[in-house]
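Asks: Okay, here's what each chain looks like letter by letter:
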Amino acid sequence: MDTFIQLTVNGLTLGSVYALIALGYTMVYGILKLLNFAHGDVFMVGAFIGFGMLQLLGGPSDPVLSIYLVLVLVTLSAMAGCAMLGVAIERFAYRPLRDAPRIAPLISALGVSFFLAYSMQLMFGAQFRDYDTFAMANGDLFFKGIDIGNVKVSLIRIIVIVAAFVLMLVLWLLVTRTKTGKAMRATSIDREAAAMMGIDIDRVIVFAFVLGSALAGAAGVMFALRAPVSVTVGFLAGLKGFTAAVIGGIGSIPGAMAGGLLLGFAEAYTQGYITTRWSDLVVFAILIGFMLFRPQGLFGKPDIQKV
Amino acid sequence: MKGRAGLALSLAVLVAAALASTAGAGSSATQATAASQATSCKGTIKLAIITPLTGDAGFLGQEQLSWAKLAAKRLGPQLGLKVQLVAGDQQLDNALAASLVQKYLADQSVMAVLGPATSGAAIATTDTLFAAKMASVNMSATNTTLTKGADKKGSPAFFRVVPDDSVQGPTDARYMVNELKAKKVVLVDVREPYTVGLANSTQATLRKLGATTIRESVSIDQSDFSSLVTKIPGDTDVVFFPTQQPAKAQTFAQQLIEQGKKAVVFSSDGAVSQDNFNVPGSYVSNFAGPVDQYKYNAPVIAAWKKDNPGDTLGPFGPPTYGAAQVALNAIKRACVKAKNGSITRNQVLQQVSKVRIKNWILGGSFRFSTKTHDPLNAKFTIFQIQKDGSYKVVN
Chain Y
1 MDTFIQLTVN GLTLGSVYAL IALGYTMVYG ILKLLNFAHG DVFMVGAFIG
51 FGMLQLLGGP SDPVLSIYLV LVLVTLSAMA GCAMLGVAIE RFAYRPLRDA
101 PRIAPLISAL GVSFFLAYSM QLMFGAQFRD YDTFAMANGD LFFKGIDIGN
151 VKVSLIRIIV IVAAFVLMLV LWLLVTRTKT GKAMRATSID REAAAMMGID
201 IDRVIVFAFV LGSALAGAAG VMFALRAPVS VTVGFLAGLK GFTAAVIGGI
251 GSIPGAMAGG LLLGFAEAYT QGYITTRWSD LVVFAILIGF MLFRPQGLFG
301 KPDIQKV
Chain C
1001 MKGRAGLALS LAVLVAAALA STAGAGSSAT QATAASQATS CKGTIKLAII
1051 TPLTGDAGFL GQEQLSWAKL AAKRLGPQLG LKVQLVAGDQ QLDNALAASL
1101 VQKYLADQSV MAVLGPATSG AAIATTDTLF AAKMASVNMS ATNTTLTKGA
1151 DKKGSPAFFR VVPDDSVQGP TDARYMVNEL KAKKVVLVDV REPYTVGLAN
1201 STQATLRKLG ATTIRESVSI DQSDFSSLVT KIPGDTDVVF FPTQQPAKAQ
1251 TFAQQLIEQG KKAVVFSSDG AVSQDNFNVP GSYVSNFAGP VDQYKYNAPV
1301 IAAWKKDNPG DTLGPFGPPT YGAAQVALNA IKRACVKAKN GSITRNQVLQ
1351 QVSKVRIKNW ILGGSFRFST KTHDPLNAKF TIFQIQKDGS YKVVN
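From first to last, the protein sequence lines are chains Y and C. Quick note on the working numbering: the first sequence kicks off at 1 and runs consecutively. Quick note on the working numbering: the second sequence kicks off at 1001 and runs consecutively.
Just so you know, these hints were derived from the structure itself, not from any lab. Treat the hints loosely; a few may be bogus.
[Unchecked claim] Heads up, simulated DSSO-like pairs for lysine-lysine below, C-alpha to C-alpha not over 30 Å straight-line:
| # | chain 1 | residue 1 | chain 2 | residue 2 |
| --- | --- | --- | --- | --- |
| 1 | C | K1262 | Y | K152 |
| 2 | C | K1306 | Y | K152 |
| 3 | Y | K144 | C | K1358 |
| 4 | C | K1261 | Y | K144 |
| 5 | Y | K144 | C | K1152 |
| 6 | C | K1339 | Y | K144 |
| 7 | Y | K152 | C | K1387 |
| 8 | Y | K152 | C | K1148 |
| 9 | Y | K144 | C | K1387 |
[What the hints assert, rightly or not] Short derived list, chain Y residues pointing at chain C, Cβ under 7 Å:
| # | residue |
| --- | --- |
| 10 | T3 |
| 11 | L7 |
| 12 | D140 |
| 13 | A227 |
| 14 | I274 |
| 15 | W278 |
| 16 | F299 |
All figures in this text were calculated on a predicted structure; none of them were measured in a lab. All C-beta atoms, glycine included, are put in the ideal place defined by N, C-alpha and C.
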């Protein structure tokens, strides 16, 4: 039972991060019908911005403010930085291709992905960056926490999980309860009709990039709080986020959340109960299974083509 | 019309096939010519280094490059050679290493290669290098099959200045059982030749010594090991985790502590980095002890620090200096023996195994074994990480 609880906690931590990444994919796809393959690299940039801010605030072991405040500032800076990056990517790489055939922005997205990874490498080098969470608050983030049976859930895990769920809740409220959210939903249903109703489509698209990229920035920080990051970390994380979005039903916000969590649990249980060798195999087998038997994903609607 | 189109297509296929076969022949012909082409000892002689300068192991390659540059700068004039170092970035990509080898083979002034730095890339390129009679002196590829065994993969052109995993694995295993009194060890490889080979040799010795072993494996891209850590039995004494990414050994050790496991992490030469792997109580083994323990190294260390202010003395650089020293001495020996003042790659290759160096940077004196192209009597050093993160030699 202890193993099951621990693996569930592991899956929840990992799944929360995947869900945040998946949300970015799904929002952009929902509105633009574009697979933004640079999204994983925005996640990586977020982790690096957070690392820079952490150093600026005195580093993990000797912060100039309370470590909890530092973590908030680190996350906010990564979100702000990535939001700006998202706007720049939309403006320069996607907007000029908005009316081009769908393959063009897809190729542009891949180009942006490589551009981000290699320019970050040129600027900051290839080595791994470690937030050294272990050194924060004299190890309290690792050694303190809550006990569930014999399993200790460390404070850092609780922070990551709670923060991810708060962000998802905020996004949900934003999309379902605000005027901008209504405009986003309208644009995702029918862009031309939304424009005729007076919705500023450009503004809505930019807003989707701002939200998605900010969530990717937050995900980058949350991932980096538990694992070292390098400029290449965005590729696999992006792929997992994309998989989560597809499993949940690309374009569906609750789907992205559910897909991320499902993926996190699948990885954790496979590694814990079967073998670590199979974890990626199982994850991508689930993707293939969905593509074959439920291509619309968990929460997506079938794409009916009218003849 | 259809017939004409079919004919045109057939012709195009034939022409393409002919061109492809000519290209292949040209390539091997070029290699053979390059092997016999002579380069003047008075002209500029190029030494190539192939190492990951970017990517996940970029830190390793940058350190190796800095020491290779120093070797070219210091040893070239000492040996009376005009040496130019050329560097290629293999990342952790064997195909990239293979294309770099082709590039250096095409340049007839390249007389020897340092690397490729990783075992997988060394295995992938060794036959091509031998076909062109280009000596490759390696500074960090420790996979045993490169020089030994029934399935030996290294060609006669492959030499290395560091001991291999058949030395490292048993050294580590004996230390775990004899000194740490380990009864149960979990071994985790990263699914690439270096870590798989090392985990295999360590596991074999552990079994011989009566320890219980459990084998696990993670993807090279994985950096959160929580679920694997959950799976590790509570009575495990040691987790042997060879890696080329010290930050991952650090994460593994921290996640063991987080989940209250008593096992300590024991890692390998690829994880030696006081900046990135410093969880107290963990262990690492390395093909070189601290080079500053040998007084005769003081001038070379001072010169390196002058060229690389603020950088920490790491484990990968000094063997690269040693490899360059071996390669340049072989070139010098070939030049001394040359009657017309010019040398070929093959002449350099013939001299590598004859190189002897006193005051070897890694300690003692250096020569190759007469049976393999490995260094004679080389040892692995085991370090324990102290409370302040420093490394203390314990064997």
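Asks: Next pair to validate is K144 (chain Y) with K1358 (chain C); report whether the Cα-Cα distance is within 30 Å.
Replies: With a Cα-Cα distance of about 55 Å, the restraint between K144 (chain Y) and K1358 (chain C) is violated, given a limit of 30 Å.
Asks: Is it true that the CA of K1306 (chain C) sits at most 30 Å from the CA of K152 (chain Y)?
Replies: With a Cα-Cα distance of about 49 Å, the restraint between K1306 (chain C) and K152 (chain Y) is violated, given a limit of 30 Å.
Asks: Can you confirm whether the C-alpha distance between K152 (chain Y) and K1387 (chain C) stays at or below 30 Å?
Replies: Status holds; Cα separation ~24 Å.
Asks: For the pair supplied as a hint, K152 (chain Y) and K1148 (chain C), is the alpha-carbon distance within the 30 Å limit?
Replies: Outside the cut-off at roughly 47 Å; violated.
Asks: So, as I understand it, the hint says A227 (chain Y) touches chain C; can you test that by seeing if any CB pair is closer than 7 Å?
Replies: holds, 4 Å
Asks: Given the proposed pairing of K1261 (chain C) with K144 (chain Y), does the C-alpha separation stay at or below 30 Å?
Replies: holds, 15 Å
Asks: Holds or violated: is the Cβ of L7 (chain Y) closer than 7 Å to a Cβ in chain C?
Replies: With a closest approach of 6 Å, the L7 (chain Y) hint holds.
Asks: Verify the interface restraint on F299 (chain Y): the C-beta must sit less than 7 Å from at least one C-beta of chain C.
Replies: violated, 26 Å
Asks: Regarding the hint that W278 (chain Y) lies at the interface with chain C, is the smallest CB-CB distance below 7 Å?
Replies: Interface hint status for W278 (chain Y): violated (10 Å vs cutoff 7 Å).
Asks: So, as I understand it, the hint says T3 (chain Y) touches chain C; can you test that by seeing if any CB pair is closer than 7 Å?
Replies: holds, 6 Å
Asks: Need the status of pair K1339 (chain C), K144 (chain Y): alpha-carbon distance at most 30 Å?
Replies: Status violated; Cα separation ~75 Å.
Asks: With 7 Å as the cut and Cβ atoms as the points, is I274 (chain Y) at the interface with chain C?
Replies: Violated - the Cβ of I274 (chain Y) stays beyond 7 Å from chain C, reaching only about 10 Å at its closest.
Hint violations for this structure: numbers 2, 3, 5, 6, 8, 12, 14, 15 and 16, all remaining hints satisfied.
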